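There are 2 protein chains.
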Amino acid sequence: MALIVHKYGGTSMGSTERIRNVAKRVAKWARAGYQMVVVPSAMSGETNRLLGLAKELAPARVMPAYQRELDMLAATGEQASSALLAIALQAEGVDAVSYAGWQVPIRTDSAFTKARIESIDDQRVRADLAAGKVVIITGFQGIDSEGNVTTLGRGGSDTSAVAVAAALKADECLIYTDVDGVYTTDPRVVPEARRLRSISFEEMLEMASLGSKVLQIRSVEFAGKYKVPIRVLSSFTPWDIPIEEEARSGTLITFEEDENMEQALVSGIAFNRDEAKISVLGVPDKPGIAYQILGAVADANIEVDMIIQNVSKDGKTDFSFTVHRNDYARTVDLLKEKVLPKLGAEAVIGDTKICKVSIVGIGMRSHVGVASKMFRTLSEEGINIQMISTSEIKTSVVIDEKYMELAVRALHRAFDLDQEPAAA
Amino acid sequence: MALIVHKYGGTSMGSTERIRNVAKRVAKWARAGYQMVVVPSAMSGETNRLLGLAKELAPARVMPAYQRELDMLAATGEQASSALLAIALQAEGVDAVSYAGWQVPIRTDSAFTKARIESIDDQRVRADLAAGKVVIITGFQGIDSEGNVTTLGRGGSDTSAVAVAAALKADECLIYTDVDGVYTTDPRVVPEARRLRSISFEEMLEMASLGSKVLQIRSVEFAGKYKVPIRVLSSFTPWDIPIEEEARSGTLITFEEDENMEQALVSGIAFNRDEAKISVLGVPDKPGIAYQILGAVADANIEVDMIIQNVSKDGKTDFSFTVHRNDYARTVDLLKEKVLPKLGAEAVIGDTKICKVSIVGIGMRSHVGVASKMFRTLSEEGINIQMISTSEIKTSVVIDEKYMELAVRALHRAFDLDQEPAAA
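Quick mapping for you: the protein sequence lines, in order, are chains A and B.
Read in order, the letters of the first sequence are residues 1 to 424 in UniProt numbering.
Read in order, the letters of the second sequence are residues 1 to 424 in UniProt numbering.
The shape of chain A in the complex, shown without the other chains (with noise of 0.2 Å):
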């Protein structure tokens, strides 16, 4: 019988009330002959109630010594409710056990309040699942080569439940959430948005890493690294929905481009308003620029995310990158202080007030003219492109952020995005 993987987020485990709700759908799963393991976040507010606690009481200086004991406190939130959830089941007549993360184990690396999965014993979850069995693992935590409790940091529990899910080679891994599915944009800025029934991991990555929040992004990485079969659902709708409709509800995350995929050029539109833009204007092109530019970025812990460099003209060229806005005015200065005497370069500029529209497809693989479509589109509407990069199935522009949601519904519109494709 098929072994499937369920992961409820803190929202679906935040009252008695709730958590008896998922123990009920996860008992008509278990009734019908599936295999279920199932990963619970922490009861919603847990996390930050602990770690408020912390904070009233945190040293100066920010050491690991701290973030041991940080990992620690968290990780009693996922131990409870994982408890909690096996009551429930019991309580359902279903026999159920929970282990900590350390009980399974799940091995991760030593990188306390951002841990990385380095490994999973399926052993024990197997002869419990043999044994009849609903096996509830914590989310969100491990436990390091020293024996120290790890967590993976915020949203980890989606990382657990994939990884548990590869581990165990589950057949699919349902994330139940508070939306019903990944949509083609966010349905708040385009009213016609629609529900994906699939998407390729490729895209959902880019998606993820776009801004879209529905999954976190290193669930999705191990998704695609160890083809775990994702389905992102809803926890809203009746626990006691036949099984063959749940299971067909919210979009999967498939590696394989099989028949029944969507064959649409772009699939979906991310944007996001988190970035500023800056550029280091006249800098001699000679090699080694990019390095002693970004290099000195890096030094100061900032994360960029788009770079740009244009082709010289007079030998001289222009750099620019986007970083978030939180870590702009630090950026500035660091490049003018630092790094633009030693470069000679002539000026460095920016501005906050952009924004990032993308659009998502493995379709663009194999068809020429979607990103030239987009800039068409964009142009129509009297759009101006301050920045251009493309990735093989993803192409991003920066704009003012005044015309984000303009933009984001002409391309919405433009790629037919409201309408269901027809199957290949």
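For the record, the hints were derived by calculation from the structure and aren't laboratory data.
All figures in this text were calculated on a predicted structure; none of them were measured in a lab.
Hints are not guaranteed to be accurate.
One copy or two, it doesn't matter: identical chains are merged, so the pair holds either way.
[To be verified] Simulated pairs of lysine-lysine, DSBU-like, Cα-Cα distance not exceeding 30 Å:
id	residue 1	residue 2
1	Lys336	Lys313
2	Lys402	Lys336
3	Lys28	Lys55
4	Lys24	Lys55
5	Lys316	Lys114
6	Lys286	Lys313
7	Lys169	Lys402
8	Lys316	Lys286
9	Lys313	Lys338
10	Lys28	Lys169
11	Lys353	Lys24
12	Lys316	Lys55
13	Lys227	Lys338
14	Lys336	Lys114
15	Lys55	Lys286
16	Lys313	Lys55
17	Lys55	Lys225
18	Lys402	Lys373
19	Lys24	Lys286
20	Lys28	Lys286
Please build the complex by placing chain B on the supplied structure of chain A, with the hints as guidance.
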């Protein structure tokens, strides 16, 4: 340098403000050069909150699988408070690390919700102490041979602290609590009750088992078995009182009868009115009657305290014992239905309006007349004694509960407990 274990109860850990005070106190000891291990309880109210959630979800039938999950759940309370204390110590500039029971590990049997400690590995803790760290170990919990989390039952943190002190051969285990020591009797009943500077662990064992709630009885048993000196002291003294003063405060529970020990005949008076007495009258005096009566009671999982059988007369005897008041009706019914007919006894009678008053003192071992002084004192007050039971260092009587305060006050005065005894 001396190795000291501190234990702090839930009230002492009840808020970030209080945790900060605990950290300051521990830091004071660490800075004075002591090797420090700290065992905290969960923040007050937390264990009840968690078990309350479990109760809302609980299965109808209590099964080991359910109790396993209760332990997973409840153990999170101490893990969180321990991490918070480590953080508070780091904020004080003291290097600190917290370990859950399974990390030490503290190995227990698999009796979920009331596990017993089997062994404690001291390697990891010793390495940290050698490195100058304060080590915080979660109270109340351990790990069984299957890798499941277990808890020691209510008040188990006392036992954890003493067990850790025993495993590390600590010089002293300081139990910080909301009373400032062990008293000759309950000061709410006898205002002249006096704090004892020291008490032998055997006396403490009797006091604890007789209803003095200062320490969990199992922690006292542990202390006696491994000869760990325990000091009970107040967590409400200012954290910055001089260490020499703090180290002499409270009550020392010692396993040595050294010269400095108080040499009173009687150290304290314990009492409780939780019991009820039951008598089976006119029992044929032949082998096996005690087993026939108490075997049936034990099979019904009812705990028996005092047991008294008098010499027989005309081939018949009366058999009396006490049980918890909550078990009274059930026990009487059981005896009438199942035991009386088989035994051929005449009647089962009982009384719930009784109380037990006990004098406890290691001095009784070598001094005759202590018990008779007790009986005389009660007689002078016109108090009728219903049952008597004695052990090597204790004499207990059952009397009408309305005379309880009168009896305790009279005995306290008769044995000069309001006065500091002369050192031997």
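Tested hints:
1. When the C-alpha separation of Lys336 and Lys313 is checked against a cutoff of 30 Å, the pair qualifies only within one copy, where the shortest distance is 23 Å, while the shortest distance between copies is 108 Å.
2. Taking identical chains as interchangeable, the C-alpha atoms of Lys402 and Lys336 lie at most 30 Å apart only when both belong to the same chain, with a minimum of 28 Å there against 88 Å between chains.
3. For the homomeric pair Lys28 and Lys55, the shortest alpha-carbon distance between copies (23 Å) is at most 30 Å, but the shortest distance inside one copy (41 Å) is not.
4. Proximity of Lys24 and Lys55 under a CA criterion of 30 Å is satisfied inter-copy only: 17 Å between copies versus 37 Å inside one chain copy.
5. When the C-alpha separation of Lys316 and Lys114 is checked against a cutoff of 30 Å, the pair qualifies neither within a copy, at 41 Å, nor between copies, at 76 Å.
6. In the homo-oligomer, the alpha carbons of Lys286 and Lys313 lie at most 30 Å apart inside one protomer (12 Å), although the nearest pairing across protomers, at 117 Å, exceeds that limit.
7. In this assembly of identical chains, Lys169 and Lys402 lie within 30 Å of each other by CA distance neither inside one copy nor across copies; the values are 46 Å within and 70 Å between.
8. Within a single copy, Lys316 and Lys286 get their C-alpha atoms as close as 9 Å, which meets the 30 Å cut-off; across copies the closest is 114 Å, which misses it.
9. In this assembly of identical chains, Lys313 and Lys338 lie within 30 Å of each other by CA distance solely inside one copy; the values are 25 Å within and 106 Å between copies.
10. Taking the shortest Cα distances, Lys28 and Lys169 sit within 30 Å of each other inside one copy (22 Å), while across copies they are farther apart (53 Å).
11. Neither within a single protomer nor between protomers do Lys353 and Lys24 lie at most 30 Å apart by alpha-carbon distance, with minima of 48 Å and 49 Å respectively.
12. In the homo-oligomer, the alpha carbons of Lys316 and Lys55 never lie at most 30 Å apart, since the shortest distance is 49 Å inside one protomer and 72 Å across protomers.
13. Proximity of Lys227 to Lys338 under the C-alpha cut-off of 30 Å is found in neither arrangement, the shortest distances being 45 Å within a copy and 66 Å between copies.
14. Taking the closest pair of Cα atoms, Lys336 and Lys114 never come within 30 Å of each other, the shortest separation being 32 Å inside a single copy and 66 Å across copies.
15. Neither within a single protomer nor between protomers do Lys55 and Lys286 lie at most 30 Å apart by alpha-carbon distance, with minima of 48 Å and 71 Å respectively.
16. In the homo-oligomer, the alpha carbons of Lys313 and Lys55 never lie at most 30 Å apart, since the shortest distance is 52 Å inside one protomer and 74 Å across protomers.
17. Taking the shortest alpha-carbon separations for Lys55 and Lys225, neither the intra-copy value of 36 Å nor the inter-copy value of 42 Å comes in at or below 30 Å.
18. Taking the shortest Cα distances, Lys402 and Lys373 sit within 30 Å of each other inside one copy (21 Å), while across copies they are farther apart (95 Å).
19. Taking CA atoms no more than 30 Å apart as the test, Lys24 paired with Lys286 passes in neither setting, with 65 Å inside one copy and 59 Å between copies.
20. Within a single copy, Lys28 and Lys286 get their C-alpha atoms no closer than 65 Å, and across copies no closer than 61 Å, so neither meets the 30 Å cut-off.
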